[in-house]
Amino acid sequence: MKNNKKYGFLFALLLWFMGIAAHAAPFEVAVSPSRFELTGNSGERLGQSIQIQNLGRSNTILRLRTLDWMYSAQGKVDYYEALQPGSCRPWVTLERSSLQLRAKEKRTFRFQLDIPASASRMECRFMLAVEALEPAHRTQLESGGASLDLPVSGRIAVAVYVSLNGAESKLQLKKLSMGEVNGKRVPLVTVSNTGDAHGRLSGVLDAEDANGWRFEMGPEGTPIMPNQTRTLPLLVNREPSEAKREVAFPLKTSGQLDWENGSFQLSVEFK
Amino acid sequence: MNIFRSEQYLGMLLAGLISLPTAQADQGSMRAPGGFNSSAPVSASARLDFNIFIEKYIFLGIGSGAESFSTTSQTVDTLNFNTRYDIPTAPSNGSSQAYSWDGEAPVLAANTIILPVAVSSNAGQVSVRASSDGPLSSGALTIPLSDIEIESSDTAFPAPVLPASGSSNSVNVAGTAFGGLVTERQAEWSFRYKPSTPPAAGEYRGEIVFTASVP
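Chains A and B, in that order, give the protein sequences.
In terms of the working numbering, the first sequence opens at residue 6 and continues consecutively.
In terms of the working numbering, the second sequence opens at residue 2 and continues consecutively.
Simulated from the structure, these hints should not be mistaken for lab results.
Here the structure is a predicted model, which is why all the values come from computation and not from measurement.
Within a straight-line C-alpha distance of at most 25 Å, the following computed SDA-like cross-link-like pairs (lysine to any residue) qualify:
1) A:Lys-81 - A:Tyr-166
2) A:Lys-249 - B:Glu-152
3) A:Lys-180 - A:Ser-272
4) B:Lys-57 - A:Gln-53
5) A:Lys-189 - A:Pro-245
6) A:Lys-81 - B:Asp-155
7) A:Lys-81 - B:Pro-145
8) A:Lys-189 - B:Glu-185
9) B:Lys-57 - A:Asn-266
10) A:Lys-189 - B:Gly-180
11) A:Lys-257 - B:Gly-180
12) A:Lys-81 - B:Ser-191
13) B:Lys-57 - A:Gly-226
14) A:Lys-81 - A:Arg-205
15) A:Lys-109 - B:Phe-54
16) B:Lys-57 - A:Arg-107
17) A:Lys-276 - A:Leu-193
To give an idea of the interface, some chain A residues facing chain B are shown, with a C-beta separation under 10 Å as derived from the structure:
18) Leu-60
19) Pro-156
20) Glu-225
Backbone N, C-alpha and C fix where the C-beta goes; we use that ideal spot for every residue, glycine too.
This is chain A alone, in the form it adopts within the complex:
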C-alpha cells in the first residue's frame, strides 16, 4: 500500500514534469523594461528586475546571460560574448541562468550590480540577453546525400547603462544639414558627445513645409556614445491620416532639442 502511494506520487510527478517540459516552439517573448539607465557610486549595490512574458501558446525555456556590446556612429550594434576590455559584466549577478515559462506566463527576473569600491568615474554598459534555449524553427535541407540542419532562434537584448560616480553626457551641436535616409531626403542634425556617458536627443520642433503643411518633428532617439559624433535624422510626427504625405522643401523649423543636461534652440530652414 505504502509502495503504491509512493509510485503514484512519482507517476504524478512525471506527468507534471511532462506537462511543463518545454519543447521547440516559436519565440514569442516580451520584456519590460527594454532598457535601463541607472546611476550609481563606487561600493554600491544596485538591484533591478525585469518582467519577462511568454506570449506564446507553448511552454518555453529561456536562457539569461550578459553580453558586452558596442554601438557605432552609424547606429549599428555589435554583441560580444567574450569579456571586452573594461567590461563591467563581472560585477553583475543574475538571479538564475535559465527560466521556464508556461504559455502566457509572466515572471519577474532580478539581477544586481556590485560596484567595486575601486571603480572610477565611467559608464558601465552591458546587455542582458533573454534567449531561447530551444530553436524557434529548424531549417533542414536534404539533397543528394547532403543534409543541412539550420535551427533559427530568437533573443532579446536589454541594454543596461549605469552612470558611475557622476559620469554624464556632454552634447555639442555640430551641424544641421540635409541628407538621404532610406531613399528619402530628410533634415539631419549632427551632434558630438564629449562627455563620459551616453546621451540622447529629444524635444520637438515646429515645422512648416513649402505647401503650408504644419507638423512637429523630433530627433531620432538613439544613443550618442562618449567620444562619438553622430548624424541623426529629424523625424516627422505624423498623424495616421498623414502617413503617406511627403514633406515639400524648403522646410521651416523652430523649437528646442533637449539632451540630459541642456538644450539647443533652433530656428532653421532646411532646403
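Knowing the structure of chain A, use the given hints to seat chain B on it.
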C-alpha cells in the same frame, strides 16, 4: 492576407506592462450665500489628477505563433529546403521521348521557406541582428551562411544579410508612430538556399540567432 492582430496583441501587452493609474482627488465645498432660502446658485469643484506610467517594453516573435502571427504563413515547426538538380530544358511528357540536352550543367534549385517574424516596442529605434557561431559545417566541410538569402516582405522591417559566418550588420526597424518611438511591425522573411558552389554530400549543422534590442 490576414493581418497581424496588433490591437488585440498590443492590448494584451499593455495590460501586463502598464502600471495601474493612480488618481488623487481633493474636496471642495461652498455654502450658499443668504441662508437656506436663498436662490443663489451653488457650485463646488474638485481636482482629479491622473498619473499613468507606461513602461518601456520590447517584443520579438520568430516562428509561426498561433496568437500573434499571420496565419497565411506556413504553420510548420520545420523549414525544409527541397533542393534538386534541374536539367536546363525540360523533356516532353511520355515515355521514350527523344530529348536533346544542350550541355549546360544541371542547376541546383531550392524552394523558398517563409518565416513569420514580428517586433514591437515603445522605446525607440529597434535594432535586429543575426549571428552564428560559424558556417554550416559537416566535419571539415563547410557551407557559408551567406549562401542562405533572406528577403523580407516589408522593407520597413528588413532582414539582416547573413555573413559567411559570425555576426551580421544590424538592421533598423522603422518606427510606426510617435516619431519613431513606437514600432509595431510584422513581416515574412523568405529564406532561400542559393549555393555559390554545389555542396558536397554530408550532414551540415549550424544555427542562426536573431537578436532584437532597443539600445
